[in-house]
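The chain contents come next:
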Amino acid sequence: AQSVTQPDIHITVSEGASLELRCNYSYGATPYLFWYVQSPGQGLQLLLKYFSGDTLVQGIKGFEAEFKRSQSSFNLRKPSVHWSDAAEYFCAVGQTGGFKTIFGAGTRLFVKA
Amino acid sequence: GAGVSQSPRYKVAKRGQDVALRCDPISGHVSLFWYQQALGQGPEFLTYFQNEAQLDKSGLPSDRFFAERPEGSVSTLKIQRTQQEDSAVYLCASSQQEQVGVAQYFGPGTRLTVL
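Chains E and L, in that order, give the protein sequences.
The working numbering applies: residue 11 is where the first sequence begins, and numbers increase by one.
The working numbering applies: residue -12 is where the second sequence begins, and numbers increase by one.
No lab work stands behind these hints, which were simulated from the structure alone.
Treat the hints with care, since some could be wrong.
[Unchecked claim] To give a feel for the contact side, a few chain E residues facing chain L, derived at Cβ under 8 Å:
| # | residue |
| --- | --- |
| 1 | F44 |
| 2 | G114 |
| 3 | A123 |
[What the hints assert, rightly or not] In silico negatives: residues of chain E with every beta carbon more than 12 Å from chain L:
| # | residue |
| --- | --- |
| 4 | Q16 |
| 5 | T22 |
| 6 | S28 |
In this text, all values refer to a predicted model and were calculated from it rather than measured experimentally.
Cβ atoms here follow ideal geometry from the backbone N, Cα and C, with glycine treated the same way.
Input sequences plus hints: build the corresponding full structure.
Structural data, given as structure tokens:
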């Protein structure tokens, strides 16, 4: 069965520091992979997605993610975090041959001044 | 253009009451999804519509949950005889393509509290 694991429930980084949020998935074929961000009171917003091709994908707000098949990972990175990046981040995998998107439990990012 | 909207944004129900949650997807979007998000958890898939056809309802937790999209646009998620465990945020999402795994546009959600 498909699953998504985000090992870190919460992470705190200083403003201006680099960020990496981890995501591991379990899926038999090449997956569709997504990162979404959810700010308080807001709907989920797509940051970036991977379907095929270049394993390093660029997203909005300066985020990028790298698909590593050998590690079943799709980690999200940002070189310099801004206070406005504080939010909950969800990794997700799209089900090929079906209609479900499976979400991880999320990682809450705190940014300190 | 307008995004996905949901109403009401907040709903308080007494246990045993029926509730109806509305989703207005982005105009022209073929696909519509409902998710349930419990506190501190990621969204969990409930059901999927392609136009007016409900193609997957495998995530609906019980037969008290019912969803419809009769004209292929607005959708309603109905919960009958609500229970405390139904308390959650219910998210609606739409996408313009039929393909599986396409990125979705989410509404702000309806927070349901069952007392």
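Outcome of the hint check:
Hint status for E/F44: holds, given a least beta-carbon distance of 6 Å to chain L, under 8 Å. Using the Cβ-Cβ criterion of 8 Å, the hint placing E/G114 at the interface with chain L is satisfied: the shortest such distance is roughly 5 Å. The beta carbon of E/A123 comes no nearer than 26 Å to any beta carbon in chain L, farther than 8 Å, and the hint placing it at the interface is violated. Distance to chain L contradicts E/Q16 as a non-interface residue, since its nearest Cβ pair spans about 8 Å, not more than 12 Å.
Non-interface status of E/T22 relative to chain L is upheld: no Cβ of that chain comes within 12 Å, the nearest being about 17 Å off. Against the 12 Å criterion, E/S28 stays outside the reach of chain L, whose nearest CB is about 24 Å from its own CB.
The structure fails to meet hints 3, 4 from the earlier list, while all remaining hints are met.
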